[in-house]
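Trainee: Chain by chain, the residues:
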Amino acid sequence: MTDVLYAQTDQSGTSAINYLDPRTRLLTAVLTTVTLISIDSLVILTGALVFAAGITALAGLGAFSVVRRLVLLEGFVIVLLLVLPFTTTGEPLFELGPIVPSGEGLKLAAVIALKINTITLLNLALIGTLSPLQVGNALRLLRVPGNLVQLLLMSVRYISVLENEYARIRRAMKARAFVARSNVHTWRTFGWLVGMLLVRSFERSRRVSNAMRCRGFNGSFTFHSESQWKVLDSITLTLATVTSVCLIFRSYMT
Amino acid sequence: MAHIPEGILSEPVLIGGAVLGIAMLGYSLKRMPAESIPQTALLAAALFVSSLVSIPVGVSSVHLLLNGLMGIVLGIVAVPAILIALVLQAVFFGYGGLVVLGVNLVNLALPAVLCAIVIRPLIHNASPRKSFWLGLLAGGLGACMTGILLTSSIMLSDPNLIPAAKIILLTFVPLMAIEGVITGFTVGFIKRVAPELILPKEGRHV
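Protein chains in written order, with the UniProt record's numbering: chain A, 1 to 254; chain B, 1 to 206.
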């Protein structure tokens, strides 16, 4: 699952989204999300979904992987969508014995479904295409506290290492004929597995920390910034801000 | 990790969550010296990997939240560790989002901080056998509080969502049990193998 963290995202510039600075992409993602949350009109939301699909295509994400991620969206969204039409009070659409879906409930479910999908698409296109290093660097330039950015980058660095460690332990368990079932033995084994991962990561962290001190680590990383703010970024951000303000203003007026 | 996707919560809930989340983050970051970054990062990574493991329960399987365990192992620094796990999931997997991040952080980190302050010092002084029960308490409490916080943030957003939120809360009951049992075994294991991992109240890993 974590292979997404290390997947070679296309940074050669062949994908149009890479003309934008990572900061622009992060800020635009936040702006569009805030805007979409305030909208309740089905027409505008459908338009936004089409727009988001366009941006996703522009970002060069494969249709299959995008659809797979949308399908994987939280189980409880499905609960919400299935339950809402029947629990919201309003005009009944039709009666089928005790099952009486209301128009209002159906509309609410549609609004939520549209919002979730549009926002997820935009997030995948705008920031899902960034590498962890780019995100870290952009956050640093956006004045996010330095130790938080370092924590993020170091965690990302070691997730793959610890995943290998985990796979190694699982192989050892398999060699000893362990099969995961729903019983106390399995849960105890998994509890110890998590404990083992923590103990090993802690030992490793001591070695890493000592090695870093040997090399004169004084609590701050040196960043090599490759991103440059261009005119295109200013234009995109201005456009996004103006559109957002207009749409939010409109939804509070109606 | 249990997180609410973007697009469900109302503006007041989102703003409230963001303000509280930033306050908690600021407080805990002040208590994280630069020298402890490698330790915190590796433990956070280990817990992130652990939360991807699917655990069979009955006919289905669950992923653990591990926020109770995070509080016990990391102390107050669990707050940035949870934030990082959420950011990774939001940015790279598309689960959750950037605007709802504050609410999701509070829902997971508040129980973790409670475990860090109340249960961690108890485990520090306890025997391995007794630590199992304290770990069980921490794991169960973490999942239970997160379930309650998560459903109340949905309920506060829109009264129409109350019935659906109740169904979601029900799914937390088996999670609570399994979370408790596994955290109990993990804590008992750590107390036997590497007791120095669980520090007293004001301790931090350096």
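Note that these hints are calculated values from the structure, not bench results. Any given hint could be a false lead.
[Unchecked claim] Sample of chain A residues at the chain B side, in silico, Cβ under 8 Å:
id, residue
1, A29
2, V30
3, I39
4, D40
5, L42
6, V50
7, H185
8, W187
9, R204
10, L237
11, T238
12, V242
[Unchecked claim] In silico SDA-like links for lysine to any residue, alpha-carbon gap of 25 Å or less:
id, chain 1, residue 1, chain 2, residue 2
13, B, K30, A, S220
14, A, K107, B, P12
15, A, K230, A, N18
16, B, K130, A, N183
17, B, K166, B, V57
18, B, K30, A, A172
19, B, K166, A, N18
20, B, K130, A, H185
21, B, K30, A, F221
Every residue gets a Cβ at the ideal spot worked out from N, C-alpha and C, and that includes glycine.
Trainee: Does each hint hold? Answer for all of them.
Mentor: Here's how the hints hold up against the structure:
1. Of the supplied interface hints, the one on A/A29 holds, with its beta-carbon coming within about 6 Å of a beta-carbon of chain B, less than 8 Å.
2. Because the beta carbon of A/V30 sits about 5 Å from the nearest beta carbon in chain B, less than 8 Å, this interface hint is met.
3. Below 8 Å, beta-carbon pairs count as interface contacts, and A/I39 has none with chain B, the closest being about 10 Å; its hint is therefore violated.
4. Interface hint at A/D40: violated, since its Cβ lies 11 Å from the closest Cβ of chain B, which is beyond the 8 Å cut-off.
5. Given the 8 Å rule on beta carbons, the hint for A/L42 is violated: about 14 Å separates it from the nearest Cβ of chain B.
6. At its closest, the beta carbon of A/V50 sits 17 Å from a beta carbon of chain B; the interface hint therefore is violated under the 8 Å criterion.
7. Taken as an interface hint, A/H185 does not check out: its beta carbon lies about 11 Å from the nearest beta carbon of chain B, beyond 8 Å.
8. With a least beta-carbon distance of about 5 Å to chain B, the hint placing A/W187 at the interface is held under the 8 Å criterion.
9. Nearest Cβ of chain B to the Cβ of A/R204: about 6 Å, under the 8 Å cut. The hint holds.
10. Residue-level restraint check for A/L237 is violated (minimum Cβ-Cβ distance to chain B is 16 Å; threshold 8 Å).
11. A least Cβ separation of about 20 Å between A/T238 and chain B goes past the 8 Å threshold, and the interface hint is therefore violated.
12. With 8 Å as the threshold, the beta carbon of A/V242 stays out of range of chain B, its nearest partner Cβ sitting at about 19 Å, so the hint is violated.
13. Proposed proximity of B/K30 and A/S220 is supported: the alpha carbons are some 15 Å apart, at most 25 Å.
14. Taking the CA atoms of A/K107 and B/P12, the gap is near 22 Å; set against the 25 Å cutoff, the hint holds.
15. Taking the CA atoms of A/K230 and A/N18, the gap is about 12 Å. The hint holds against a cut of 25 Å.
16. Taking the CA atoms of B/K130 and A/N183, the gap is about 22 Å. The hint holds against a cut of 25 Å.
17. Taking the CA atoms of B/K166 and B/V57, the gap is about 21 Å. The hint holds against a cut of 25 Å.
18. Straight-line distance between C-alpha atoms of B/K30 and A/A172 comes to about 41 Å, which puts the hinted pair past the 25 Å bound.
19. About 43 Å separates the Cα atoms of B/K166 and A/N18, which puts this hinted pair outside 25 Å; it is violated.
20. Of the pairs offered as hints, the one joining B/K130 and A/H185 holds, with about 19 Å between alpha carbons and a cut-off of 25 Å not exceeded.
21. A distance of roughly 18 Å separates the Cα atoms of B/K30 and A/F221; the hinted pair therefore holds under the 25 Å criterion.
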